[in-house]
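The lines below spell out each chain.
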Amino acid sequence: ETGVTQSPTHLIKTRGQQVTLRCSSQSGHNTVSWYQQALGQGPQFIFQYYREEENGRGNFPPRFSGLQFPNYSSELNVNALELDDSALYLCASSLAISDGGGAFFGQGTRLTVV
Amino acid sequence: GQNIDQPTEMTATEGAIVQINCTYQTSGFNGLFWYQQHAGEAPTFLSYNVLDGLEEKGRFSSFLSRSKGYSYLLLKELQMKDSASYLCAPSGNTPLVFGKGTRLSVIA
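Chains A and B, in that order, are what the protein sequence lines are.
Once you know that position 82 of the first sequence is 82 in my numbering, the rest is easy, because the numbers rise by one and skip nothing.
Once you know that position 75 of the second sequence is 189 in my numbering, the rest is easy, because the numbers rise by one and skip nothing.
Isolated chain B (complex conformation) (with noise of 0.2 Å):
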């Protein structure tokens, strides 16, 4: 089976740096994807991480781990728009399997 654990809620302040974490277990491993999902709309795709290391794109990095079953995403630069929830789905033998994901509000 899968297993994922993110923290529930976060909150950063505009212009801050944040870092949310994701823990994974799952079998046969390929790779992870972290989805971006503002209230009521569907997920929208950020990254895939198949190696370790960070990814960088803008914004927004991706870091895998493999033998750790690890993965975060940072935001730099936070803006009011970056408020919302954060999804982590490790890629593995079975069909993409969420977790709740991590809420992010951003404050002034």
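Just chain A, same shape as in the assembly (with noise of 0.2 Å):
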């Protein structure tokens, strides 16, 4: 158990369509990093929030967009869903702003584009 909880755990969606995926940090942690994972690649960098502010942001389009909220907790939309958006997203909590989103990663949830 990290204390990191995201939700939904599962989703599908129609190509088009928009989504937001949830994140719980864990209880003080002021970072949250997002990734998106596709199978057989490792966790590939979306964004970071430090603050309720983006801190940081990886090769992903402007549909990809964020927010974190004063409690921590942070949301990930994504706009006109593509069929390649199919993977799985990870977000990650951290006290440490230089540890870069650190250590801890809820289950993530397994998003399918059809």
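Careful, some of the hints might be misleading.
[To be verified] Only some residues are given here: those of chain B computed to face chain A with a beta carbon under 7 Å:
id, residue
1, ALA156
2, LYS195
3, ALA198
4, LEU201
5, PRO209
6, VAL211
7, PHE212
8, GLY213
9, GLY215
Don't read these hints as lab results, they were simulated from the structure.
Since the structure is predicted, the reported quantities are computational estimates derived from the model, not experimental observations.
The beta-carbon is built from N, C-alpha and C at its ideal position, and this holds for glycine as well.
Using the hints, put the two chains back together into the complex; each one sits in its own frame.
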């Protein structure tokens, strides 16, 4: 148990739709990072939030956006879903911003776009 | 930018020892994480090395050489449940970036 929870655990969406994924950080952690992991690949960094501000972004288009709330929970929003967006989406929370999202991952959300 | 290199796949026998190597290039290096990831599950934290040398934690040990940009994960007394992907992730001035990981298969 890492104390990081994600919802939902599984989701099926249709191409063109929008999706919101949620992450509840470990208590006291002020930094959250989101990753996309396709089958057989390592997690790819999407973006990071530190105290409600975006603190870094990977090579993902603007239709991937996020929010971090005052309680440090977070959302990942993806607009205009494409088939290639099908993946495991992971969030990780940390205390130390220099650790880039740190050591603690949620269980992930498996998104399938059909 | 960052560059991380690990072997793609490894196979080892139950009860044996296996060493998974990782070389990296990153800016502003702080330390290096190792994670274990079973198929379909989230990565779980194994170790975080900041200083040079070997750190032992039960059957798993992790080694770091900052000057060489090199780390390895050593797994002893392999068990079938150790079959998983192992991800190394250097931590620096940028958020944590992962390589593709090493898929370890433990066979009887």
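Structure-based check of all given hints:
The beta carbon of ALA156(B) is positioned within 7 Å of a beta carbon in chain A (closest approach about 4 Å), and the interface hint is therefore held. At a threshold of 7 Å, the smallest CB-CB gap from LYS195(B) to chain A is about 18 Å, leaving the interface hint violated. Look at ALA198(B): its Cβ only gets to about 13 Å from chain A, farther than 7 Å, so that hint breaks. Hint status for LEU201(B) relative to chain A: holds, with the closest Cβ pair at about 6 Å, below 7 Å.
The beta carbon of PRO209(B) comes within 4 Å of a beta carbon in chain A, closer than 7 Å, and the hint placing it at the interface holds. Hint status for VAL211(B): holds, given a least beta-carbon distance of 6 Å to chain A, under 7 Å. The beta carbon of PHE212(B) comes within 4 Å of a beta carbon in chain A, closer than 7 Å, and the hint placing it at the interface holds. For GLY213(B), the interface hint holds, the least distance from its beta-carbon to any beta-carbon of chain A being 5 Å, beneath 7 Å.
Interface hint status for GLY215(B): upheld, as the beta-carbon distance to the closest one in chain A is roughly 5 Å, under 7 Å.
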